[in-house]
Amino acid sequence: QSVLTQPPSVSAAPGQKVTISCSGSSSNIENNYVSWYQQLPGSAPKLLIYDNDERPSGIPDRFSASKSGTSATLDITGLQTGDEADYYCGTWDNRLRTVFGGGTKLTVL
Amino acid sequence: QVQLQESGPGLVKPSEALSLTCSVAGDSINRGGSFWNWIRQHPGRGLEWIGNIYIDGRSDYNPSLKSRVIISLDTSQNQVSLRLSSVTAADTAVYYCAREKSRRAEAGTVRRWFDSWGQGTLVTVSS
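Protein chains in written order, with my numbering: chain F, 834 to 942; chain R, 41 to 167.
So here's chain R without its partners, still in its complex pose:
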């Protein structure tokens, strides 16, 4: 049973960078076969996909956040990290780490889903 645990500062000042870590237990990010994602949820709002990374280093980001986001892997620690730069109050949210699985699909079709989620961590952007 995979377990994901987010950690990082709960308070970040405007214009600074937000950095979070997701520790993975019960699965090795080295093993491949999974994408490692960050997803956030603004207070009282829906889910917003931030981006993901695969073991081979390929990453993909939400176009609306792409210029400010970096997701990276630390295979020695079995961790996934998120860095979001130049934050504003609009970045205040609960940030989730999630494992994404996929299956082979028809050409041009994407067949993926999030099968495991961390408990989430609230990050508030305020001076």
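Isolated chain F (complex conformation):
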């Protein structure tokens, strides 16, 4: 059971928008920065978002994120079939150190 709670799955049609939530607490998300990772099938995770809402170079602006209080969200607009992947949030927990969400499987219908 993960310290950070994500929905197990989300789905949407190509071209649509999807939102993935990441819920934590005052000991993790509320007082630390959040990052997001994309894991394509059979591949290693890849950094998608850091510093709550910053995109590394090469990540399209279809991917955006925000943080408010004890929760963070990842938005993906203009969905493409190539976006089908598992998505993980991550942050620091004052007791447990680095923690990840349980992951959300995105299906593009």
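Honestly, the hints are just simulated from the structure, not real lab data. For glycine and all other residues, C-beta sits at the position ideal for the given N, C-alpha and C. It is possible that part of the hints are untrue.
For each label pair, taking beta carbons as the anchor points, the in silico distance ranges come out as [as the list claims (entries may be wrong)]: (1) R895/F <-> E56/R: 42 to 48 Å; (2) S116/R <-> T910/F: 44 to 50 Å; (3) G84/R <-> T852/F: 20 to 26 Å; (4) T910/F <-> S99/R: 38 to 44 Å; (5) G902/F <-> P54/R: 41 to 47 Å; (6) R85/R <-> Q913/F: 23 to 29 Å; (7) D886/F <-> G97/R: 31 to 37 Å; (8) G911/F <-> S116/R: 46 to 52 Å; (9) G911/F <-> S167/R: 46 to 52 Å; (10) G48/R <-> G911/F: 39 to 45 Å; (11) I95/R <-> P889/F: 19 to 25 Å; (12) P889/F <-> P54/R: 36 to 42 Å; (13) A65/R <-> G891/F: 17 to 23 Å; (14) K141/R <-> T903/F: 20 to 26 Å.
Chain F is already provided as a structure; the job is to place chain R on it using the hints.
Then chain R, alone, in the frame of chain F:
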């Protein structure tokens, strides 16, 4: 462009120690500024942070694994190593090496992220 490559035995017997090496190319672990991490993923499951180490020798571990884990650096080979002792079937997982970056943050706030990952290596614990 930094590249990380994990290597080590794919099969380990129960009660023995698991040892993996991460070879780093495109960055020097001597340079500082990065934490070097091990993260694992049980089959079909999410990510679990194992621990990390900094060039000055400071290491930090997942409390649930701390008693069994040692992470070390070999600066001459530019490698990061993981040793996990007394393994059981529950340690069967894909093990990733990852570079972690950080920025100065407000007091009491941690601002870190994993910007580069190795491809991962599957380790099976079985007799």
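Verification of the hints:
1. R895/F <-> E56/R: 42 to 48 Å: holds (46 Å)
2. S116/R <-> T910/F: 44 to 50 Å: 47 Å Cβ-Cβ, so the 44 to 50 Å window holds.
3. G84/R <-> T852/F: 20 to 26 Å: With Cβ atoms ~24 Å apart, the hint holds.
4. T910/F <-> S99/R: 38 to 44 Å: holds (40 Å)
5. G902/F <-> P54/R: 41 to 47 Å: Cβ of G902/F to Cβ of P54/R: about 44 Å, so the range 41 to 47 Å holds.
6. R85/R <-> Q913/F: 23 to 29 Å: Distance hint for R85/R, Q913/F holds at roughly 26 Å.
7. D886/F <-> G97/R: 31 to 37 Å: Hint holds: Cβ distance 33 Å, inside 31 to 37 Å.
8. G911/F <-> S116/R: 46 to 52 Å: For G911/F and S116/R the Cβ distance comes to about 48 Å; the hint holds.
9. G911/F <-> S167/R: 46 to 52 Å: Holds: the Cβ-Cβ distance is about 50 Å, inside 46 to 52 Å.
10. G48/R <-> G911/F: 39 to 45 Å: holds (41 Å)
11. I95/R <-> P889/F: 19 to 25 Å: For P889/F against I95/R, whose Cβ atoms are near 23 Å apart, the range 19 to 25 Å holds.
12. P889/F <-> P54/R: 36 to 42 Å: holds (40 Å)
13. A65/R <-> G891/F: 17 to 23 Å: Holds - the Cβ-Cβ distance for A65/R and G891/F, about 19 Å, lies within 17 to 23 Å.
14. K141/R <-> T903/F: 20 to 26 Å: holds (24 Å)
The structure agrees with every numbered hint stated previously.
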